[in-house]
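> In the order they appear, the protein sequences are chains X and V.
The working numbering numbers the first residue of the first sequence as 2 and each following residue consecutively.
The working numbering numbers the first residue of the second sequence as 35 and each following residue consecutively.
Worth flagging that the hints you see were computed from the coordinates, not collected in a lab.
The structure displayed is predicted, hence computed values, not measured ones.
By construction, the Cβ of each residue, glycine as well, lies at the ideal position given by its N, Cα and C atoms.
Errors might be hidden in some of the hints.
Unchecked claim - From the derived model, a few chain X residues whose C-beta atoms are all more than 10 Å from chain V: (1) Leu-4; (2) Leu-66; (3) Val-118; (4) Asp-120; (5) Arg-121; (6) Asp-122; (7) Asp-123; (8) His-124; (9) Ala-125.
To be verified - Ranges between beta-carbon positions, derived for each pair: (10) Arg-56/V <-> Trp-15/X: 12 to 22 Å; (11) Leu-59/X <-> His-107/V: 16 to 26 Å; (12) Pro-150/V <-> Leu-99/X: 38 to 48 Å; (13) Leu-99/X <-> Ala-132/V: 12 to 22 Å; (14) Arg-162/V <-> Val-118/X: 57 to 67 Å; (15) Phe-183/V <-> Asp-122/X: 38 to 48 Å.
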Amino acid sequence: MTLIQDIIANYNYWITIFLMVAGLYIVVAKSNMIKTLLGLAVFQTSVYLLYLSPGKILGGTPPILDPNFTVYSNPLPHVLILTAIVVGVATLALGLALVVRVHEAYGTIEEDEIMDVVDRDDHAG
Amino acid sequence: MELLINMVLLTLLAAITIGIIRVRNLFAVVVLAGAYSFLMASVMMVLDAVDVAMTEAAVGAGISTVLALGALHLTKTEEAAPRYSAILPLFVAVGTGAMLIYGTWGLPGFGLADTPMNTGVGLDYLNRNMAETGIPNVVTAVLASYRGFDTLGEVAVIFTAGIGVLLLLKRFQREG
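In isolation and in its complexed conformation, chain X is listed as follows (with noise of 0.2 Å):
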């Protein structure tokens, strides 16, 4: 039983760090530019679940107030993370902006041909 409340307990906190470290994953073990842009994204979203999770209360309801209810969730990461989500599409947009001018300059997004490229021009040059 207590296995049980223990796996309860820290379940969101478990797949937050499963996101997190796919998230690493992806940025470091792959060589795609936009590929890397969305576990960029991956690894951000699990920060606004690692926010979200502990501010959650159960019974309560979202915090809107209202005579007929007592019990509301933490609504302070809710506002702090609202800003994050505006400024994580900001740059997104950014980066893939970034990657639209790569593939204009190198005919590539992968980062292994681009590095193939800039070889072969320095030993050209």
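Given chain X, put chain V in place with the hints provided.
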């Protein structure tokens, strides 16, 4: 019931993440990322973060997907086969994950009301909000009334990113 829905949605989220890692066709990856964002919005719904869920569904699943599809249109849709072995990144990722999971033993359990986080500033906002601002939605009140400068900074970031995208893509059009 709340707990069960939460756990099922989180498990689906982890499954989709594995799909994002393994699939090579970037169109499929972008569509999976859209599904990921919608699932994330559902999880946020269950976690009582309704405003955040709405933003994630609109921005994460909507605008991000459109941006990524636009970038795919201008670049390539197939990821090349990996050139190096993935053992070292996997080792780094698993090591980091193991240390973080070790850290969760010190955290308070899920859904409790008497944790330090839930008895501090958040509760203070809930108690003072109605008298000070008169707005029933506490998230809106904190965002606009108490932490307005945060939102101003956010606007500055979006403006900078927008200028950056414009500069990058304008050059692209002239040369292409």
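> Kindly indicate which numbered hints from before are broken by the structure, ordering the numbers from low to high.
Violated hints (numbers, rising): 2, 11, 13; every other hint is consistent with the structure.
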